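**Q** Quick note on my numbering: the sequence shown kicks off at 1 and runs consecutively.
Since the hints were made in silico from the structure, they are not lab data.
Heads up, some of the hints might be wrong.
Mimicking DSS-like on lysine-lysine, the simulated pairs with C-alpha atoms at most 27 angstroms apart in a straight line are [stated by the list, open to error]:
no.	residue 1	residue 2
1	Lys17	Lys41
2	Lys84	Lys125
3	Lys84	Lys41
4	Lys48	Lys137
5	Lys76	Lys137
6	Lys17	Lys146
7	Lys84	Lys137
In this text, all values refer to a predicted model and were calculated from it rather than measured experimentally.
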Amino acid sequence: MSQSLSSIYIHIIFSTKQRTSFLDSSIRYRLWQYIGGICNKLESSPIKIGGTDDHIHILCKLSRNTALQTLVTKIKADSSKWIKTISAEYQDFYWQSGYGAFSVNPQECDAVVEYISNQEQHHLKRNFCDEFRLFLKKYKIEYDEKYLWE
C-alpha cells in the first residue's frame with residue numbers, strides 16, 4: 001500500500017494532581033480551547049473537550065503521525081504551563097502523572113460527545129474515582145488500586 005491511513009478515535013481522561021478542584025468555571029472554557037489548539041498542532045483533531053473542576057475528558061481523532069503518549073504529554077505539559085500564567089491562584093496547579101486512554105468506535109463518537117458534554121450532571125451521582133474505575137472495568141483493564149491515584 002502506498003499510503004498510510006488511519007482512523008483512531010481516542011477518549012483520554014486524566015485529573016488534576018490529587019484531584020484538587022482547580023478547574024473552576026472561570027478557567028474551563030479557555031483551558032478546553034487551549035488544549036484543543038495543542039491537539040490541532042499535533043494533527044489530532046479535537047472532537048470534544050470537557051470535564052469538571054478536578055478532571056478532563058478529551059475525545060480526539062489521533063494523528064497517524066503522533067504517538068498517544070506524545071499527545072498526552074504535550075497536552076499536560078503545555079496546558080499546565082499556560083494555566084499557571086493566568087493568575088497566582090493557579091501557581092500550584094499540576095495534572096496527575098498518569099492518564100486513561102480508551103478507543104472509541106467511530107459510530108459511538110456522538111455518545112461520547114454527549115457524555116463529555118454532560119459531565120456536571122454525571123458527577124452529581126458519581127465522583128471521578130468511581131467514574132474512572134467504571135471505564136477500567138468496561139475496557140477490561142487490570143489495575144492495582146494502590147497505584148491508581150498517585
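**Q** Decide, hint by hint, whether the structure agrees.
**A** Outcome of the hint check:
At most 27 angstroms may separate the alpha-carbon atoms for a hinted pair to count; lysine 17 and lysine 41 meet this at roughly 25 angstroms. Of the pairs offered as hints, the one joining lysine 84 and lysine 125 is violated, with about 31 angstroms between alpha carbons and a cut-off of 27 angstroms exceeded. Distance restraint check for lysine 84 and lysine 41: the Cα-Cα separation of roughly 21 angstroms lies within the 27 angstroms cut-off, and the hinted pair is therefore satisfied. Between lysine 48 and lysine 137 the CA atoms are separated by roughly 23 angstroms; this keeps the pair inside 27 angstroms, and the hint holds.
Taking the CA atoms of lysine 76 and lysine 137, the gap is about 25 angstroms. The hint holds against a cut of 27 angstroms. Between lysine 17 and lysine 146 the CA atoms are separated by roughly 16 angstroms; this keeps the pair inside 27 angstroms, and the hint holds. As the CA atoms of lysine 84 and lysine 137 are separated by approximately 34 angstroms, the hinted pair breaks the 27 angstroms bound.
The structure fails to meet hints 2, 7 from the earlier list, while all remaining hints are met.
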